[in-house]
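Sequence order for the protein chains is L and C. The first sequence begins at 19 in the working numbering and counts up one residue at a time. The second sequence begins at 74 in the working numbering and counts up one residue at a time.
The hints are simulated quantities; they were obtained by calculation from the structure and are not laboratory data. Worth double-checking, as some hints may not be accurate.
Straight-line C-alpha distance at most 30 Å; calculated BS3-like pairs for lysine-lysine [to be verified]:
hint : chain 1 : residue 1 : chain 2 : residue 2
1    : C       : K220      : C       : K393
2    : C       : K261      : L       : K76
3    : C       : K375      : L       : K179
Listed below, chain by chain, are the residues.
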Amino acid sequence: MENKQIIGLLVHNHPGVLLRVTSLISRRGFNIDSLTVSPAGMDGYSRMTIRINGDDDKVEQFISQMLKIVDVKRAEVLPENGSVASELVLIKIGTDGHDNNEIIAVTAKYHASLVNIGEHSMTFRASGTPCEIDTFVAELDVYGIIEMARTGIAALENGDKSLSR
Amino acid sequence: MKLNGSEIIAECLLEQGVDTVFGYPGGAVLNIYDALYKYSDKITHILSSHEQGAAHAADGYARTTGKCGVVIATSGPGATNLVTGIATAYMDSVPIVAITGNVTNDLLARDSFQEVDICGISMPITKHNFIVKDVKDLANVIRKAFKIAMSGRKGPVLIDIPKDVTGAMCEYEPVSPAAIVNPTVSDKANFETAAEIIAESERPMIYMGGGVVSADAEKEILEFAEKADCPVATSVMGLGGFPASHRLFMGTIGMHGGYETGKATDNCDLIITIGARFSDRVAGDREKFGKNAKIIQLDIDKAEINKNVKIDAYILGDLKYTLKTLTDTIKKAEHEDWLAQVNEWGKNSSVSETPRSDEYAHPYHVIEAVRKLTKDSDIIVTDVGQHQMWVSQKYRFEQPRTWCTSGGLGTMGYGLGAAVGSAVANPEKTVVLFTGDGSFHMNLNELATVRSYNLNIKVIVLNNTVLGMVRQWQKLFYGRRFSQTDPRRKTDFAKLAEAFGIKGMRIHNDDDAESVLNEAFSTKEPIVIDCRISPDENVLPMIPPGKTVDDLITEME
Chain L
19 MENKQIIGLL VHNHPGVLLR VTSLISRRGF NIDSLTVSPA GMDGYSRMTI RINGDDDKVE
79 QFISQMLKIV DVKRAEVLPE NGSVASELVL IKIGTDGHDN NEIIAVTAKY HASLVNIGEH
139 SMTFRASGTP CEIDTFVAEL DVYGIIEMAR TGIAALENGD KSLSR
Chain C
74 MKLNGSEIIA ECLLEQGVDT VFGYPGGAVL NIYDALYKYS DKITHILSSH EQGAAHAADG
134 YARTTGKCGV VIATSGPGAT NLVTGIATAY MDSVPIVAIT GNVTNDLLAR DSFQEVDICG
194 ISMPITKHNF IVKDVKDLAN VIRKAFKIAM SGRKGPVLID IPKDVTGAMC EYEPVSPAAI
254 VNPTVSDKAN FETAAEIIAE SERPMIYMGG GVVSADAEKE ILEFAEKADC PVATSVMGLG
314 GFPASHRLFM GTIGMHGGYE TGKATDNCDL IITIGARFSD RVAGDREKFG KNAKIIQLDI
374 DKAEINKNVK IDAYILGDLK YTLKTLTDTI KKAEHEDWLA QVNEWGKNSS VSETPRSDEY
434 AHPYHVIEAV RKLTKDSDII VTDVGQHQMW VSQKYRFEQP RTWCTSGGLG TMGYGLGAAV
494 GSAVANPEKT VVLFTGDGSF HMNLNELATV RSYNLNIKVI VLNNTVLGMV RQWQKLFYGR
554 RFSQTDPRRK TDFAKLAEAF GIKGMRIHND DDAESVLNEA FSTKEPIVID CRISPDENVL
614 PMIPPGKTVD DLITEME
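Let the sequences and hints guide you as you build the complete structure.
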C-alpha cells in the first residue's frame with residue numbers, strides 16, 4: 019500500500035552526514051517528502067526525521083539502506099498511530115480586498131499567532147500535526163499566500179521508547 | 074614515539090599486516106612517498122603506469138588473497154583516476170583502502186592546483202570515506218578504514234589526507250587490530266524456518282554468488298549442497314566458490330548461463346540463494362524469476378533482502394557460520410529424479426557453434442587448451458565483453474580466489490591492472506589474462522608494469538578486431554547497424570608487446586593454438602599472445618535483457 023511513513027534516524031554528528039543520507043536517498047530513488055535535522059539531545063549525535071512515500075517493502079529497504087551508512091546509528095519507522103509528529107509553518111497572507119478580522123478568525127481556529135503585519139500582508143505562525151498544517155494552509159490559500167516556510171516534520175515515538183537508547 | 078603523518082600511515086599499514094601497496098606518486102603525496110622510501114624493507118610499493126591500473130591491481134590483489142588491497146594516489150587527477158577502480162571494487166564487494174593526498178588544509182576549498190573533493194566524488198562508490206584534517210585523528214581513521222573495508226559486506230574505503238597532515242608530527246602508539254567478527258542477526262527460528270522449507274522441497278536448487286568466495290565459505294557450501302543434494306548454479310561472481318567438476322555443479326546462471334540453469338530456475342520449487350543479489354544479468358525478469366519456486370536467501374547484507382526479488386525466508390550473517398548452522402539444521406536429502414532431469418537439460422543445451430575454420434581460432438578451443446596447461450590454483454583474469462563470457466562458460470574453475478573479473482560494474486580495461494595485482498600477490502602461480510582487443514586497448518599501458526616487475530602473466534588477446542559484445546547486440550536488437558563497433562585498428566599486439574620488452578606471440582587458428590600456448594606456458598616470463606578469432610563469433614546461449622529462459626537465443630547468424 020502506497021502511503022507516507024515517517025522514519026527517525028540517529029546519526030553521528032560528523033561533517034557530511036547530511037550529504038551521505040540525502041545522496042543515498044536520491045541514488046536509491048526514494049522520494050523525500052520532508053526532512054529535518056536537529057541535535058538529538060545526546061552528545062555527538064543528530065536526529066533526522068524523514069518522511070517518504072512508499073509501501074512497507076520500500077520502507078524496509080529504505081531503512082536497510084540507511085543502516086549501511088557508517089554514520090547512521092539507528093533507523094526506525096515511527097508508526098503513525100504510535101507517535102507524535104509536529105511541524106511549524108510561517109505563512110504570509112495578502113490582505114488587500116479581504117477583511118482582516120475574517121482572516122484572524124480563521125487562523126484562530128488553528129491557534130495560529132499573528133507575528134507580523136505589513137502594509138498589504140499579515141504573517142502567521144502555527145504548529146501542529148502535518149495534517150493540521152496542510153488543512154490550515156489550504157484554508158488560507160483562498161486569501162492568497164504570498165510566501166510560506168514550513169520547518170518539516172519532527173516526530174517522537176509515544177511512550178518510553180527512544181532511538182537514543 | 075613521535076612520528077610524522079606519513080610515518081604514521083606506514084606504521085598503521087604494518088599494524089594491519091600490509092606488506093604490499095600499489096600506487097603512483099605526486100605532489101600531494103610526496104611526504105607519504107618519502108616515508109615509503111624509509112619503510113621500503115617492510116612495505117613493497119608497486120608502481121603502475123596510471124592510477125586506474127593501480128586501483129585495479131589493489132582489487133586483483135584483494136580478490137586473489139582475501140586480504141585488503143591498498144592503493145595510493147596523489148590529489149586531483151591522481152584521485153579521480155582511481156574512481157573507476159574504486160567503483161569496480163564497490164560493485165563486487167572487494168575490500169580496498171584507497172589513500173589519496175590532497176592540498177594542504179589552508180589551500181582546501183580554494184580551487185588550488187590539483188585540488189578535488191574526492192570525498193564528495195567517491196561517496197556513492199565507497200562503503201565510507203574520510204578526510205583527515207588533523208594528524209591526531211590519522212591513526213584511528215586508518216584503523217577504522219581497514220575495519221570497515223573488511224567487515225560485513227566488504228568494500229572500498231577512501232582516506233583523503235591533506236599534505237600538511239602527512240608532514241605534521243604526532244605521538245604514535247601501535248595498536249594491534251582486533252579480529253573482525255560479523256554478528257549473526259538471525260536466530261534459531263530463522264534457521265528452522267529455512268530448514269522446513271528445504272525439507273518440503275522436491276526440486277531445490279542453489280543459486281550462489283560472490284558472497285561465498287568473499288566469506289571463504291567454499292567448504293561450508295560444499296557440505297550444504299551435498300547434504301541438501303541440490304544442483305548448484307553460480308553467478309559469474311560466484312565462479313570458483315564451488316568446484317566445476319562436482320556432480321552437483323550446473324554452471325553459471327543468467328544472461329549467458331547454461332540452458333540447464335535456466336530450465337532449472339524455471340522448474341525448481343525452491344531457490345536457495347547464497348551470497349548473491351539477483352542482479353538484472355541473473356534475474357532478467359524480476360517478476361518471473363523462479364516463478365514456480367519459493368526463495369530462501371542467505372546474505373550478510375540486510376539491504377539485499379527483497380531488493381530485486383521477493384524472498385520467502387532469509388538468514389542474515391556471515392556465510393561461513395550461517396551455512397554451517399543451516400547444514401546442521403537440515404536433514405540429509407536425496408533428489409535423484411530431479412538431478413537426472415537437470416542432467417538431461419544439460420545434455421540438450423545444444424548451442425550452435427560457428428564452424429571451425431583455418432582463418433581463425435575458436436575461443437572455446439583456446440580457453441580449453443589453456444585449461445589443460447593451468448593448475449587448479451592458477452589465476453584467471455578477464456576484461457569485459459564476449460571473451461569474459463566465453464571464459465565464464467568454458468573455463469572449469471575448481472578453487473575460490475582464482476578468478477578475477479569485473480562482474481558488477483563491467484569495467485573494460487580492468488583486466489591488466491587486476492592481473493598485475495594478482496601476480497604480485499601470488500608469485501608462485503601463473504596468471505592468465507583473457508582480454509579482447511577492445512578492452513586491452515583501454516589500459517594496455519600497464520604492460521610497462523608487467524615488464525618492470527617481470528610478472529608471470531600470460532596475456533591472451535582474443536582479437537576479433539571489433540567491439541564484439543556491443544556488435545552482437547547491434548546484430549540482435551539494432552538491425553545489424555554496426556555503429557562504431559568496427560574501429561578498423563591495425564594494432565599488432567605481438568609487436569606492441571615487444572615494444573614494452575615483452576615477448577609477443579600469435580595464434581592464427583586452432584591448429585597452432587596448442588603449440589603456441591605450450592611454448593608460452595613453459596616459461597615464467599610474461600607473454601602477450603595475439604589470438605585471431607572471427608568477428609562474427611557470438612556469445613550463446615543468451616537470454617535477452619528483461620526476459621527468461623523461454624526466450625533463450627541459441628542460434629545467431
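Outcome of the hint check:
The hinted pair formed by K220(C) and K393(C) meets the criterion: a straight-line CA distance of about 18 Å does not exceed 30 Å. Between K261(C) and K76(L) the alpha-carbon distance is near 27 Å, which keeps this suggested pair within the 30 Å criterion. Under the criterion of a C-alpha separation no larger than 30 Å, the hint pairing K375(C) with K179(L) is consistent with the structure, at around 24 Å.
Hint violations for this structure: none, all hints satisfied.
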